[in-house]
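Trainee: Taken in sequence, the protein lines are chains A and B. Per numbering that gives the first Met the number 0, residue 0 is the first one in the first sequence, and the count goes up by one each step. Per numbering that gives the first Met the number 0, residue 0 is the first one in the second sequence, and the count goes up by one each step.
FYI, nobody ran anything at the bench for these hints, they're computed from the structure. For every residue, glycine included, the Cβ atom is placed at its ideal position computed from N, Cα and C. Just to be clear, a hint being listed does not mean it is correct.
Across the chosen pairs, the derived CB separations fall in these ranges [unchecked claim]:
1. D343/B / E4/A: 26 to 36 angstroms
2. T334/B / T311/A: 23 to 33 angstroms
3. E45/B / V20/A: 20 to 30 angstroms
4. V258/A / M351/B: 55 to 65 angstroms
Number of protein chains: 2
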Amino acid sequence: MKAWEKNIRTVDPYVPGEQPVLDDMIKLNTNENPYPPAPGVKEIIEQMSVKDIRLYPDANCSSLVNVLSAYYQLEKDQVFVGVGSDDVLATAFLTFFNSKKPILFPDITYAFYDVWAKLYHIPYERPALDENFRIRREDYYKENGGVVIANPNAPTSICEGLEFIEDILIHNQDVIVIVDEAYVDFGGVSARPLLRKYDNLLITQTFSKSRSMAGARIGYCMGNKRLIQAMNEVKYSINSYTMNQWALQIGVEAVKDDVYFKEGLVKIMRTRQTTANALRELGFDVMDSKTNFLFVTHKHLDCKQLFEYLRTKHIFVRHWDTERISNYLRVSIGTENEMKAFLDETRQFVQMSQQAVSVQ
Amino acid sequence: MKAWEKNIRTVDPYVPGEQPVLDDMIKLNTNENPYPPAPGVKEIIEQMSVKDIRLYPDANCSSLVNVLSAYYQLEKDQVFVGVGSDDVLATAFLTFFNSKKPILFPDITYAFYDVWAKLYHIPYERPALDENFRIRREDYYKENGGVVIANPNAPTSICEGLEFIEDILIHNQDVIVIVDEAYVDFGGVSARPLLRKYDNLLITQTFSKSRSMAGARIGYCMGNKRLIQAMNEVKYSINSYTMNQWALQIGVEAVKDDVYFKEGLVKIMRTRQTTANALRELGFDVMDSKTNFLFVTHKHLDCKQLFEYLRTKHIFVRHWDTERISNYLRVSIGTENEMKAFLDETRQFVQMSQQAVSVQ
């Protein structure tokens, strides 16, 4: 080891999920939206001037902040935007979690929370979900340095109600409570109405799922202006110009077309229902999803084998070798046709497995 | 103060430079390039598919890393890309500067270095430039936690030679030495040839200046693969998908057109020379610039007043109320016409000032 190596920050290298690129693939592994973004987005791109490329973007991202604050009926200084909700959440962790007490988030939840905590040397504890993969509210009543709740939770797909989130807030008025609502648009309940009452609440959302714009890298959060100001001060101390001209322009355009947005949500939710029903008919346990994915398991099937079987058919879903969920799959909701292909192959796998059992 | 406020990270809020938007303005205050990016860039944008928006980008940024490593004849694992060189530098500070000893950088240099050091709680010292605004190499011979040298330096515009940078490296083999080459393409000397010899050297560059793409937010750095790997591990622990689809695609396209790139550099350097000559004729001291800006002062004129006078004419240059440089201006190199307008107004100001003196 060279001398200069000893001061390198050591992290558990986080390996991003597989992003296969095959012409015939059905990609149901990273919760992308199968439908394109609003038609106006394409038009805006074609109209972009080269001048927009040569000049620095607006560091305050005013155009996007304004359209989002108007959309959610908030003040302009209550919205912060970043390079995907990962950027927003990482900035929030760095800004708000500077206590010596541990921050709290569930054992099974978005895989990035403990990565940020480790990176920034934030102590943390992970109370276990109950046997039905629900968050136990009492676990969050103890003294802590902050709370992070994904609602709906991932990869469980379960959404808790407003009363649940308010109970967490009532018991945690001295720390920042982050509610990560990456998936809330697909039928979940947002904590937004609680923003007026709790000035320590920060809600994060993203354009990557419901707005079909994972490739644009746009996330945002909402909170009282003191929180947003503190995050902006940290952001301006890292990189003033995070959002490029393209992201700002197409982000604004996407928010404008609310009818297209909501039609898209309805399509996903309808496909989610038919897919869940079909899976249940095949004997799968399917969690009640308020997201654009299903979290499924099967009492008599090896779901990791199913994951690998589907891979051979160029259908990509998500599996983790993690304790408690190693026989579960997370399946993003694609188009009707994509889900039909997924179900056909899954049915095939179930039949093969049943034959194998009867032969034994 | 509420209880939750006491764990908020306190930073000196960095206020980004003014970005005026006026139809008739001449913007010489943020070192943007007056010429558009390569013609192919516009074509690529028009060809972008909506599919590129809906899917996550490549977390490894392989297309851009590949084109840059080929361009500089480096291995693929020797290049890291980020959201502008600020993102790259901030990631490097977080990754490499974890010593209890102070890192070293000049008192007059890029204003972000001490902001990052404060944000990440990195101790630092700032040896003073000499009376000619040159870096004193001996100041960097002492024990330290890392070294950061902007070369060419900003806002002085002065570039040190390869022998100077190698001397710094020879005296600092146990820490990471960052050479920030944001402006090097405009006639400076890159430390790139030293990469083979010094595995603790990290060189950062940007698309914002020489490649006319400040609005795209693309920066990169080059170093030995152990350094690049460590930065990628930190990056994947903050935000895996930092570069959006647009930035990746236009970045690749820009690097391809090397003739256009170099023609653009020649134009800027020629305009820089004629502008510097004209300013010297007006009695200004003009540093020998290897950047796309001039750093100028005048023995008998109040340069802050000139800055304010130019503002009233919608010509924006940069002035700092900072010790040692408060009678200096930084003037970005615009088009021939823009510099003519700047010189005409400056001449006007000089004449008015001389008349005022003779009246007294």
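Trainee: Going back to the hint list, which numbers does this structure go against?
Mentor: Violated: hints 1, 2.
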